[in-house]
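Residue numbers (the numbering used here), protein chains in the order written: chain A, 1 to 414; chain B, 1 to 209.
Just so you know, the hints here were simulated from the structure itself, not pulled from any lab data.
One thing to keep in mind: the hints can contain errors.
[What the hints assert, rightly or not] The following label-pair restraints were derived from C-beta to C-beta distances: (1) D162(A) x Y108(B): 31 to 39 Å; (2) S355(A) x T109(B): 55 to 63 Å; (3) Y108(B) x A130(A): 21 to 29 Å; (4) D57(B) x T44(A): 39 to 47 Å; (5) D57(B) x A292(A): 51 to 59 Å; (6) T161(A) x M163(B): 51 to 59 Å; (7) E403(A) x Y108(B): 38 to 46 Å; (8) I43(B) x G103(A): 50 to 58 Å; (9) G99(B) x G128(A): 30 to 38 Å; (10) T118(A) x V157(B): 49 to 57 Å; (11) A74(B) x S354(A): 54 to 62 Å.
We put the CB at the ideal spot given by N, CA and C, even for glycine.
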Amino acid sequence: MNLHTLLTGLAVLVLATSCTAGTEGIFASIEKEQKIVTTGNLNTAATVTRMAELITDASTTPKTGILFVSGGQALFTKSNSMSVGTWGKSSVGQNVAAVGVAGSTVYAVAGGELWQSTDGSNWTATTGLAAGDIPYDLIPVREADGVTTNKLILVTMIASTDPGNSSVTLYQYGRIYLLTGTGLSGPFTLMSPDYTSTGWPPSSVLGDPVISAAFDGSNYYLASTSYVWYWHSGDSGSATSAVALPSASLPASTCYTGLIYLGTVSGVTPALYIGTGIKSGTTTGGSLFVGAAAPGSTPGSWTTIAPGVTYSTLPVAFGQFLYNNVNNSLWIATGNTTGTSQQGTGYMEYSLASSSFSTTPITNSNNYSSSAIPTYAVGCLFYSQNGFYYLGTRAHGLWYWNESGSSTNPWTQD
Amino acid sequence: MIKLRLSCLLLVLFLVAGTLPLGAQATELNYDHRVPGDRSLTIQFGPTFPQGFQSFDGKLSSSNLIGANMWGIAVGGNLGIDLDFYLTDSFRLGGGLRGMAALGPNDYTLFIVPITFRASWEFKLYPFSFPVGLGAGFSFVNYQSQTSFSPTLAPTVGAYWNMSSSWSFGLGATEWIIFQPYFAGGSVPPSDSRIGYFSDVTLGAIYHF
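For reference, chain B alone in the conformation it holds in the complex (with noise of 0.2 Å):
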C-alpha cells in the first residue's frame, strides 16, 4: 500500500516536472517580440465602399453617394499586398500596392490603384495586435478613357490575431482620400477638382520574416 502511494506520488511529480518545460514555453508565446530589421508581409482583399465626392471648398456631392440614390458607384472589392519594416518592436514603415474596381452608374469600371507609404503603430494585447498607420501616396485611377495620377492619403486601422511568430491574421480597414485638384491653363477645368473618398475592409494575412 505504502508502495503504492509512492508510485502515486512519484507519478505526480513526474507529471507536474514534465509540465514545467511547456509552462516555460508558453511563457515564451506571449509576447512576439520585433526587433529592428524585421519585415512583414501582408496580404489582403475585400470590399471597397465608395462613400462619395468632396469639391474642395467643403461641397459634398448630392449624387453617387452610397444610399443617396440607386445610381450611385456600387459596392467594389479591392485586393493588395504590403511590405513594413520594424524598427521598433512597436513602430514599423512600409508601402503598399492596392488594386480596387467598383462599377460606375453604367457599369462602367473605375479602377483605383494606389501606392502609398505607411507608417504604423501596434498597440499589443497579446494574442492580438491593433495597428493604426498613416499612408500617404499616389493612385493612378481609370475610368472609361480617362486617366488620373492622383495623391492620396490612407489612414488604417486594424486586428490581427498572432497564431504564431510567423503568422497573423485579422481584419483591416483603410479610408482612401484621393485628392484631384485641377489648376487653370489645364486640360481639366479647376471646376472639375474634387475629393473622392473610399473605405475598405479586408481580411487579411500577415507574414513575418
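So that you can see chain A by itself, here it is in the shape it has in the complex (with noise of 0.2 Å):
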C-alpha cells in the first residue's frame, strides 16, 4: 500500500464521518429524553396540552374509541372500557410532545419525531417530512360545529445558526404540514407579511409557531401569537404563504390566543371567534374579536366583545377554544400565571345566546374543585364522542364534564 492510497482511503473514512441515519444526533437526542414516568397513572399534578380520540369501532352506540392524553412525558390512554382515574400507556417513545387525530390515524410528536399508528399500539415514524424539518407540535383542526377535529397541523421547527453570533443555535418556527385522513401534505411556509428585516428570522419567515387551527368546511384559519391567517384551500400543495387575514379592525399590536370558526352550529351566525391577549410587560388585547364569515370567506369587520370588568384583561391563553353545545356557548382556555396582574381564569365561557361573558365566570369558587387551578394554564380543551368534555391544565391534572350530569359542580378530576 503506497501513501496516496493510504491518504484516499483516510479522506473516504473522514467523508463518512459521523454518518446518522435520522434527524437527530445521537447523543444529542439522549441528552434530551426525559424519563418516561413508568409508575402511577396520570396523576393529578399532570401537564395535559393535547388530547386526542382515536374511534376504533363507529358502529357501537356511543363509538368505541381510545382517548390520547399527552402533555410532555408520556403518552397515556383510556380505551372505553377502563374507569375513571385509569389510564394505560403507549409506547411511543419519550418526550411526548403532542398528539392528535387525523382521519384514522393517530398521530404523536415524541422524541422530536412524528409518528403514526392505526390501533395506538403499533407506532412507526412518518415519512415525507422536509430535512430539517424537527417536529414540534400538532395542532387541532376544529371543524365548523367547534366541537369535532378530522385534521391536524403539524409545527416544525428548524435549527440554524444565529447570523449574529455563529456559536448560537436559534430554532425558527414557519413551517407547517397539513394531517389529515389521506396523509401528510407539506411543508407550508407562512411568511411574515410585514417583515422586512434580513436579521432574525432569516428570509421573512414567521418566527412564532402555529397555535390555533378552524376549518370552514373548505378553508383553513390559523393563529400564532403574531398573526392570523385565512388559508385557502388552493394553497395546498403550494410551499409558499398563507394569506393574512384582513386585519382592519384587529389590533395592530397584539398577541393572539386562539380562534374558533363557527359555522354549522345550529341558530348561530357563522362567525370566526379569535381571542387576543396580553403580551409581556403590555397592556394590549385581552379581547374576544368576532367576525362575521359565511364559509369560504372572510369577515369584512369585527365586533370586539370585552370580557367585562370582572376578567377585563384575558391573559396570554394557549390556543384551545371549544364549543360547549349544552350551554350554547365558547369555552375559552386562558393563561395563567405568576403575579396578580396577570391572574388567570382557567379558563372563561362566552355565552352565545347572550353575546357575553359568563355572568358566573368559570373559576376557582365554583366549577373546579381546588384554589390551585386559576394559577395553572389550561392546555387544552376537548370533547370526547362519549358525552365528556374534557379540561387539561398545565400541572394540575385532567379534569372531565360530563354533559349528561350535573351542571352546578360538573368538574372531576379523571
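Build the complex: two chains, separate frames, hints provided.
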C-alpha cells in the first residue's frame, strides 16, 4: 500500500464521518431524553396539553375509541372500558410533546420525531418531512361545528445558526404540514406579511408557531401569536405563504391566543372568533373579536367583546377554543400565571345566546374543586364522543365534565 | 560415623547440584522477551461507565451525567477482542473490536461498537507488564432507530500478570471519546454535535503466540 492509497482511504473515512441515519444526533437526543413516568396513572399534578380520540369501532353506541393524552412525558391512553382515574400508556417513545388524530390515524410527536399508528399501540415513524424539519407540536383543527377534529397542523422547527452569533443555535418556526385522513402534505411556509429585516428570522419566515387552527369546510384559519391567517384550500400543495387575514379592525399589536370558526352550529350566525391576550409587559389585547363570515370567506368587519370588568384582561391563553353544545357557549382556555396582574381564570365561558361572558365566570370558586387551578394555565379543551368534555391543565391534571351530569359542580379529575 | 558425615555431605552437595538447573530455569522466566512478529490476542470484558456528553464549544451537558441525576444512562457492559503485533520488545501495533451496551433514560439500549487501531507501549516489571496505548478509529453507535458512524479516540492503560510466556491476566481501562460532529446542510443540525465520553474497566486475558 503506498502513501497515496493510504491517504485516499483515510479521506473516504473522514468523508463518512459521523454519518447518521436520522434527523437528530444520537448523543444529543439522549441528552434531551426525559424519563417516562413508569409508575402510577395520569396523576393530579400531570400536565395535559393535547388530547385526541381514535375511533376504533363506529358501529357501537357510543362509538368505541381510545383517548390519548399527552403533556410532555408519557402518552397516556384510555379505552372505553377503563374506569375514571385509570389510564394506560402507549410506548410511542420518550418526551411525548403532542398527540392528535387525523382520520383513522393517531399521530404523536415524541422525542423530536413524528410517529403514527392506527391502533394506538404499534407506532411507525411518519415519513415525508423535509430535511431539517423537527416536529414540534400538533394543533387540532376544529371543524365548523366547533367541536370535532378531523385534521391536524404539524408545526415544525428548523435549527439554524444565529447570523449574528455563529455560536448560538436558534430554532425557527414557520413551516407547517397538514395531516388529514389521506396523510401528510406540505411543508407550507408561513411568511411574515410585514417583516422586512434581513436579520432573524431569515427570509421573512414567520418566527412563531401556529397555536390554533379551524376549518370552515373548505378553508383554514390559523393563528400564531403574532398573526392570524386565512389559508385558502387552493394553497394546498404550495410551499409558499398563506394569506394574512384582513386585519383592519384587529389590534395592530397584540398577542393572538386562539380562534374558532362556528359555521354549522344551529342558531348561530357563521362567524370567526379570535381571542387576544396580553403580551408580557404590555396592556394591549385581552378581548374576544367576532367577525361574521360565511364559509369560504373572510370577515369584513369585527365586533369586539371585552370580557367585562371582572375579567377585563384575558391573560395569554394557549390557543384552545371549544364549543359547548349544552350551554350554547364557547369555552376559551386562558392563562396563567404568576403575579396578580395577569392572574388567570383557567378558562372563560362566552355565551353565544346572550353574546356576553357568563355572569358566573368559571373560576376556582365554583367548578374547579381546587383553588390552585387558576394559577395554572389550561392546556387543552376536548370533547369526546362518549359525551365527556375534557379540560387539560398545565400541572394540575385532567378534568372531565359529563354533559349528561350535574351542571352545578361538573368538573371531576380523571 | 565418618561414613555417615560423608553421606550427608554428598547428599547436600547432590541436592545443591540438583537445584542448579531449577535456578537457571527461573532465571529464564524472569523476562518474557518479545520479538518482532510476536502477536498477542486479548479477550476482555467488564463494565462500561457512561460519563456524559459535551458540545463542541466545550459545554458539558447538565443532564444524563452519571451521578448528576437519576435519569442518565445506566452503567453498561462491554466485551472486546484485540489483536496486536509486536514491533519491538515493548512496542506493539494492533486493532480491536469492542461491543458496548448501556440503557438510556427510558431503558432503550445504546449500542456502541468501536473499531480502533492502536499503538501501545509496555512498561515491564517482572512478572507484570503495564501497557499504555492510544487507539483511533470509528464507532458504530445505535440508539432506537438511529445509527451513526463516528470518529473515536481511545486512550488505554492496563496492568497484567504474566503467568507464563503464553498467558497474561489483568485489568485494563479505556476512555472512549466518541465524536459526533454534524455540519450545515445535512439531515442532522450542527447544534446536535456532541462528544460522548465513556470509560470501561475490563478483566482481560492475553494469549501470546
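- Item | Hints the structure fails to honour | No hint contradicted; all consistent.
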